[in-house]
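S.K.: As a plain string of letters, each chain reads:
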Amino acid sequence: MTVGLFIPCYVDQFYPQVAIATLELLEKLGQTVVFPTGQTCCGQPMANSGFEHLTHTLSNRFVEQFGGVDYIVSPSGSCALHLKEHLHVTHDQAKAGQVQQRVYELTEFLTDIVQVNTLSANFPHRVGLHQSCHGQRGLHIAQMSELVAPPFSKPVELLNMVTGLELISLDRPDECCGFGGTFCVLEEAVSAKMGKDRIADHLRHGAEFITGVDMSCLMHLEGVLRRQGSKTNVVHIAEILNS
Amino acid sequence: MNHPELAEQFNRDEARVDWHDETLWFVRQKRDKAAHSLPEWETLRETASQIKHNVLGNLADYLVQFEQNALANGVQVHWATNAAEHNQLVHQILLDNQVDRMVKSKSMLTEECHLNDYLAQQGIDVIDSDLGERIVQLAGEAPSHIVLPCIHWKKEEIGALFHQHLGTEAGCADPQILTGAARLHLRDTFLTRRLALTGVNFAIAETGEFVVCTNEGNADMGVHLADVHIASMGIEKIIPRREHLGVFLRLLTRSATGQPITTYSSHFRRPRPGQTMHLILVDNGRSVQLGRDDFRNSLKCIRCGACMNTCPVYRRSGGHSYQSAVAGPIGAILAPNLDMTKHADLPFASTLCGSCTNVCPVKIDIHQQLYKWRQVLTQEGQATTAKTVSMQAMNAVLSNRGLYSLAGRVGRQLMRWFPALVSNKLNPWYTHREMPEPPKESFGEWYAKHRKP
Chain V
8 MTVGLFIPCY
18 VDQFYPQVAI
28 ATLELLEKLG
38 QTVVFPTGQT
48 CCGQPMANSG
58 FEHLTHTLSN
68 RFVEQFGGVD
78 YIVSPSGSCA
88 LHLKEHLHVT
98 HDQAKAGQVQ
108 QRVYELTEFL
118 TDIVQVNTLS
128 ANFPHRVGLH
138 QSCHGQRGLH
148 IAQMSELVAP
158 PFSKPVELLN
168 MVTGLELISL
178 DRPDECCGFG
188 GTFCVLEEAV
198 SAKMGKDRIA
208 DHLRHGAEFI
218 TGVDMSCLMH
228 LEGVLRRQGS
238 KTNVVHIAEI
248 LNS
Chain W
-17 MNHPELAEQF
-7 NRDEARVDWH
3 DETLWFVRQK
13 RDKAAHSLPE
23 WETLRETASQ
33 IKHNVLGNLA
43 DYLVQFEQNA
53 LANGVQVHWA
63 TNAAEHNQLV
73 HQILLDNQVD
83 RMVKSKSMLT
93 EECHLNDYLA
103 QQGIDVIDSD
113 LGERIVQLAG
123 EAPSHIVLPC
133 IHWKKEEIGA
143 LFHQHLGTEA
153 GCADPQILTG
163 AARLHLRDTF
173 LTRRLALTGV
183 NFAIAETGEF
193 VVCTNEGNAD
203 MGVHLADVHI
213 ASMGIEKIIP
223 RREHLGVFLR
233 LLTRSATGQP
243 ITTYSSHFRR
253 PRPGQTMHLI
263 LVDNGRSVQL
273 GRDDFRNSLK
283 CIRCGACMNT
293 CPVYRRSGGH
303 SYQSAVAGPI
313 GAILAPNLDM
323 TKHADLPFAS
333 TLCGSCTNVC
343 PVKIDIHQQL
353 YKWRQVLTQE
363 GQATTAKTVS
373 MQAMNAVLSN
383 RGLYSLAGRV
393 GRQLMRWFPA
403 LVSNKLNPWY
413 THREMPEPPK
423 ESFGEWYAKH
433 RKP
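These protein sequence lines map, in sequence, to chains V and W.
The first sequence lines up with residues 8 to 250 when you count with the working numbering.
The second sequence lines up with residues -17 to 435 when you count with the working numbering.
Hints may be right or wrong, so weigh each one.
Claimed, not checked - Chain V stretches covered by chain W per the calculated footprint, using a threshold of three residues with CB under 8 Å from any CB of chain W:
(1) 41 to 49
(2) 99 to 106
(3) 123 to 136
(4) 154 to 161
In case anyone wonders, no lab produced these hints; they're calculated from the structure.
Note that CB positions come from ideal geometry on N, CA and C, so glycine has one too.
Excised from the complex, chain V in its bound form:
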């Protein structure tokens, strides 16, 4: 069984430590991991901006890069969701369809496929979990507060296996952070305000770290935290699980 590692473009360029942690964690858990080196981007930045029609070349590239692996795992709920919903290629859509079914966000891959039940991780801190919307409401990696349905959370299941980690509760457990791709600059005022409000919730409950399954949300929250001169930091869930 081979796992193909898909690293989102902005993680590759700005947060290599998150990609390294993901790779190391998967290897630690006995997975055979390959990193197809011709990969770039899932196409979401263009598609969410109304330019999905431009992204066929990226989709073709994705299928070509990941066509041969058993699972495609990414430390991003948002990119994984985009691939699952919008991988439109110029030829052989059936093949693309097979590839789509093999795409997993990291935490759901760990709980559902690897079926992890212990971890050697140690992270003795108060941690707030930011529920990124696309992982939660798109991939259903955790129950959503709007629905009348039994609670569950794959990221929380994993964080509970980490020694010393204290998970804080939030007033609004699954409100959007306001990143939203190009929304963060096109609707700058609302985006920044949403980020500030999310952070205030975490800080009010004493978070030393804010974690999540999507580095894009965390990059946005980190930008606000650093502007405020806060001592609280962001950390991707892969980094905690690999600690």
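With the hints as your guide, set chain W onto chain V.
M.R.: For chain W alone, coordinates are given in the frame of chain V:
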């Protein structure tokens, strides 16, 4: 001005944004409590969605059935293709009855048709009898929310407005006193108006009756004291059978405000002796939307406003920033159907978080439709040249691994050497956020060094 600009204005008073956000979040919490009190909630939503699915698939037949039954009940039925026809029909009925003043209860359709402005131009005096609508009407504004029209007004501001228009004591902000003043003012209106217009929440095909839901009883007060009742409804308000009402009435107000049911759910079937009853069925773009496969189920909407209350963008930008009678997520998928150029900004006023879809009592896939509208608007040439060029450039870089790696390496290096290149006021990101710190090495570069290809 477009949505981002109006939202930026709204955000200049951060304390007010916090207040607006908290107020609507409180309504969302009440909705959650009401929904969680019904174990069958998700089944109810699915049932409502399926009933509306059937309606949209057989709309023409149900409309004809409804019209026949309404006519048999003695109701005068009119059809309006668009807003202008609707407004002219209302005006004609006023002329026929030699009436120059009317009372109107809540109807978002008449807001959509801009009826008040039209009638004012014809010299007709219209008084909105819903308290929230009366407040915004006195202030010369449009409602900012379909269920809570003056949710953007604080009680102190309403006190000042009532002092000016209704003569309440200066500085009085006691809701009970202000409501009492409004009641006296409206009572006079109810007693002196011979014509009352209401909206319609549900129209039942099998009986020809229609149901109007209010909390204040103002629709009933207006109608029962008037000689002429006009009810205006969008053609999508049809439900096949009376028994289906049980599904919708249970969902509507739980979703809207967290109440089990509206205080008044009034059934109108036939005019009382001596009264005339007119029903205007309005299309105004609905049949066009029905023809758009990706967007037709937006017509399932029962106007509960839950998507607005849960929307983190709506709560922080205010209803007026949408510049559409129906604001918020549902407005953002309905409005472009009416005018793509005017409302091209709305489908982008969302992070696509999906909370709207989850609270929707008729399960409209709102956030998926927002995504699809973005594609349609781009295809229809609504994107700016600057956006198109930047998207094409970004796509070209990302489509070529060599170019992508080079651009990444050079970009990060430049950011390290000259942080001011990106950390400046021309970069909207930087207004309220620091830029990420660029690492020396990308993951791709690290991998090439540390792992065999």
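S.K.: Which numbered hints does this structure break?
M.R.: 2 and 3
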